[in-house]
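Visitor: Produce the complete structure using the sequences and hints provided.
Note that the protein sequences, when read in sequence, are chains A and B.
The numbering of the first sequence is this note's numbering, which starts it at 1 and goes up by one.
The numbering of the second sequence is this note's numbering, which starts it at 599 and goes up by one.
If you're looking for bench data, these hints aren't it; they were derived computationally from the structure.
Note that beta-carbon positions come from the ideal geometry of N, C-alpha and C, so glycine has one too.
A hint or two may mislead.
[As the list claims (entries may be wrong)] Footprint (simulated), chain A over chain B, 3 or more residues, beta carbon under 8 angstroms:
#1 685 to 693
#2 697 to 707
[Said to hold, decoys possible] On the chain A side, residues computed to face chain B include the following (Cβ under 10 angstroms):
#3 129
#4 166
#5 370
#6 434
#7 435
#8 438
#9 439
#10 441
#11 462
#12 464
#13 475
Listed below, chain by chain, are the residues.
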Amino acid sequence: MNTLEKNTASETAPAGGVLPLPPGTARLIALVGAAGTFVSTFLSWTYTEEFPGNLTVYGYPGGLQLLTLTGALLTLLFLLSGSGLRGLRWLTPGGPNSAVRLLALGTLGVTGYTVGAIIKNLGGLINVDPGGYIAVAMALITAIGALGLPYDVPVDPEKPPANPWAQLVHSLKAPGPGRLRDMPGWVEIVIISAAFALGLYIFTFGIDTDYAELFIGYMVLVSFAFPAVGRAGLTRQLGQLTAKHRNVTVTAAFVAAFAFPFTQSNDAYASIGTNILIFATVALGLNVVVGLAGLLDLGYVAFLGVGAYTAALVSGAPTSSIGVTFPFWAAVLTGAAASLVFGVLIGAPTLRLRGDYLAIVTLGFGEIFRIGVQNLDGDSGPDVTNGPNGIPNIPELEILGFNLGEEHTILGQELGRFSNYFLLMLLFTVVIVTIFRRADQSRIGRAWVAIREDETAARAMGINAFRLKLLAFALGATLAGMAGTVQAHVTYTVTPTQYKFVEAVPPNSAFLLAAVILGGMGTVSGPLIGASLLYLIPAKLQFVQEYQLLLFGVALVLLMRFRPEGLIADRRKQLEFHDTGQLDVPKEDTGLSKKVGV
Amino acid sequence: MASDTIPAKGPGSGNVLDARGVTMRFGGLTAVRNVDLTVDQGEIVGLIGPNGAGKTTFFNCMTGLYIPSEGTVRYKGAVLPHRSHRVTEAGIARTFQNIRLFANMTVLENVLVGRHTRTREGLWSALLRGPGFKKAERTSEARAMELLEFTGLAAKRDHLARNLPYGEQRKLEIARALASEPGLLLLDEPTAGMNPQETRATRELVFAIREQGISVLVIEHDMRFIFGLCDRVAVLVQGEKLVEGTPDVVQSDDRVVAAYLGTPYEGVPEDEAVAEVTAAEDALARNTGSGSTPKTSKEGDA
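Guide: Here it is, written out as structure tokens:
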């Protein structure tokens, strides 16, 4: 059904995409180019082994060559699928040619970057082997061929794209895929599991990159390949499957996350995973406040701080001003309760304000927390928090006789300290995701969204806006406090400087808000992905750290210009920002495609 | 307590709404002055008046959006609180003059939000998802679907509110208000911007709402609509109630006509001005009659 529609579409489309080539020729050029790129990764790209990843070996691709290889292979597969090769058609239910174009450009990007990095790092063109030149040339040929492929979406004869840039933009548009054919339940479950396993592999690959060049190449390829897969329609069809098997999906996601520490031989990489989880979980808590209730909170990190400080004080640390040692569960409850109280205390006076005023006041309270903690040192106030020195030497957690600071061998795999904390934090994430989803899909969640949409109308509908806003604020604070209790143990030390408004190290108010907005407000996966990106990129690229805030600003500006709804958009936001002028008709849509198919 | 003993002015104790001496001042401006209004059980009452007469202000005083400077509003004998969510809880629901739907929520969700005061499931219930929660959600949804059937929007339950055509948005606003199970429904210009066909449909809808035992108070500019619909009409002019009575009485009242169209009497400065203008125009016509060039240039401009 889908292929039928697509083929007719590509036949009626005018010959030539961005570059005026006959479709057959363009396809042939792209095929030759992609195959050539594929082969070129088996050649030597440089003479010396000084460039990391050892690109000198013939017959065995390594390092960045592997990325080019993957890109070329994907291009080849999608090209063949687009030309109607039996057995591969399922790859491109949406737009085959736009996917190929993106992949070809991504491959060219990776290859070009690799050769460029060789020239720059080793100081001169001389360091590039013929293999490198061949790779770039082949990738270029692929890209030329791909740009010559016909458009996936026919050009509106009334308004043809005016300039080359508009043509390029149009050539990357793709029609949505049709409904997925019904398959046996177990096949669908296997597909979902495979997708999550693949996701885990890709994520682990990114975390395990041991030099900056490889990570940049990885980011380039991923940032082209993911949209390409989306254009091909696979993401949407996977979405149809996951919507059908919600519980399977949630379990698969959990299992994939659970498996992460078992793939890590190096505990340093596991620490990245742990920190991402802490960051992401707190961002999810903020999503209740910002994404659901629409309250712009710029001092959210203070709640993380309250939880962390509370846990540190009751952890039995030698410098704690209270000489008590709570078991972990009690510490979590205390931390959450302290955050809750703090949240209500801050929320009660500030939530009478709306919009920008609320943002400014919460920003102020966030700073008051930090400065307050800094001064509770015995000099300017009672000695509670040791002032700027913070509370160091927080002991390792011990749960049911299981010391999280030590290495344990589970299932034949050594799990280091950070892996243990990762698993603990994962448990918290699951709890917080559940809380978020359940609160969202309930009377309370609807009331929050109503307040966000129109507070006056919400009040007129009988919603006690102040109480519900306070509830959102308190719930968000509690969730952050819970995450804070784990964070205190992971970082060994809590100091006031960890809880600034903006700083280079991620969990701070500005980055938390950015993670929510970057990922997509009001969704579960949005903040998780946003937090991963915001933590991973600076952690992997040492040189970025100097310019981090600059790049961060640039990234936000670009995002707000091109994708204001965030990377993962819920349907509501997507329609809000991209008004297509068409009515949003969820049910009749499928009926229409059925009619066409028959 | 003493004020409770004052006998109601309307016919018997069937008063749903009883507003006494409502006055609303904004600084030096008195938008509503000493207005009394009652609505009886199962009655449709209209509130009309020229633009800026204070109709919406009076509405806002009743629904707790404004706190009236003087006077009290009682609903079924109890003084209404000055908080709009408490007013809705007490049993008065309203729509807005300029539609205020939750634009990015679906049609069904909009109505479910209207159910807020009639359900009690809090955060814990939502988090624990016990049988009570599921039952309440099912009941709410069933009730919301009933209301959508009633207003004829059931087929569009999953559409976003902002994508509905204008007339259906008005209907959805009414459905949302009805979801709070009100005893009195306040409609603020329900037919503004509607074509005659939609206006007729709205009238039928209001009658159907009355059939359910809900009293209606409606602000409207469309006179044909209001006189065909209401049992009683009150006219508000410059913040004060001018006339109140059956549509016939109000229609034939000279003061109402005067309030809408102005009073014609001789000797007003305007008349002189009009006369001057006519004279000037006549003179101009005579001039242009002799020399035809300016006229053609005017046509060229047009």
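Visitor: Given residue 166 of chain A as an interface hint, is its Cβ closer than 10 angstroms to any Cβ of chain B?
Guide: violated (28 angstroms)
Visitor: Confirm or reject the coverage of the region 697 to 707 of chain B by chain A under the rule of 3 or more residues with a beta carbon closer than 8 angstroms to the chain's beta carbons.
Guide: As far as the region 697 to 707 of chain B goes, the hint holds, because 7 residues have Cβ atoms under 8 angstroms from chain A.
Visitor: Against chain B, is residue 462 of chain A within 10 angstroms by beta-carbon distance?
Guide: holds (3 angstroms)
Visitor: Verify the interface restraint on residue 464 of chain A: the C-beta must sit less than 10 angstroms from at least one C-beta of chain B.
Guide: Cβ of residue 464 of chain A sits 5 angstroms from chain B, so the hint holds.
Visitor: Is the interface hint satisfied for residue 435 of chain A? The criterion is a beta-carbon contact with chain B at less than 10 angstroms.
Guide: Holds - the Cβ of residue 435 of chain A comes within 10 angstroms of chain B, reaching about 6 angstroms at its closest.
Visitor: Does the closest beta carbon of chain B sit nearer than 10 angstroms to the beta carbon of residue 441 of chain A?
Guide: Holds, because the Cβ-Cβ distance from residue 441 of chain A to chain B comes to roughly 8 angstroms (cut-off 10 angstroms).
Visitor: Tell me if chain A covers the region 685 to 693 of chain B under the three-residue, 8 angstroms CB rule, please?
Guide: holds (count 4)
Visitor: May I ask you to test the interface hint for residue 370 of chain A with respect to chain B, counting a Cβ-Cβ separation under 10 angstroms as satisfied?
Guide: Interface hint status for residue 370 of chain A: violated (29 angstroms vs cutoff 10 angstroms).
Visitor: Hint validation: residue 439 of chain A versus chain B, beta carbon distance must be below 10 angstroms. Holds or violated?
Guide: OK, holds: residue 439 of chain A within 10 angstroms of chain B, min 6 angstroms.
Visitor: If you take the shortest Cβ to Cβ gap from residue 438 of chain A to chain B, is it below 10 angstroms?
Guide: holds (5 angstroms)
Visitor: Tell me if residue 434 of chain A is really an interface residue toward chain B, meaning its C-beta lies closer than 10 angstroms to one of theirs.
Guide: Since the shortest Cβ distance to chain B is 8 angstroms, the answer is holds.
Visitor: Using the nearest Cβ pair, does residue 475 of chain A come within less than 10 angstroms of chain B?
Guide: holds (7 angstroms)
Hint check: violations occur at hints 3, 4 and 5; the rest are consistent with the structure.
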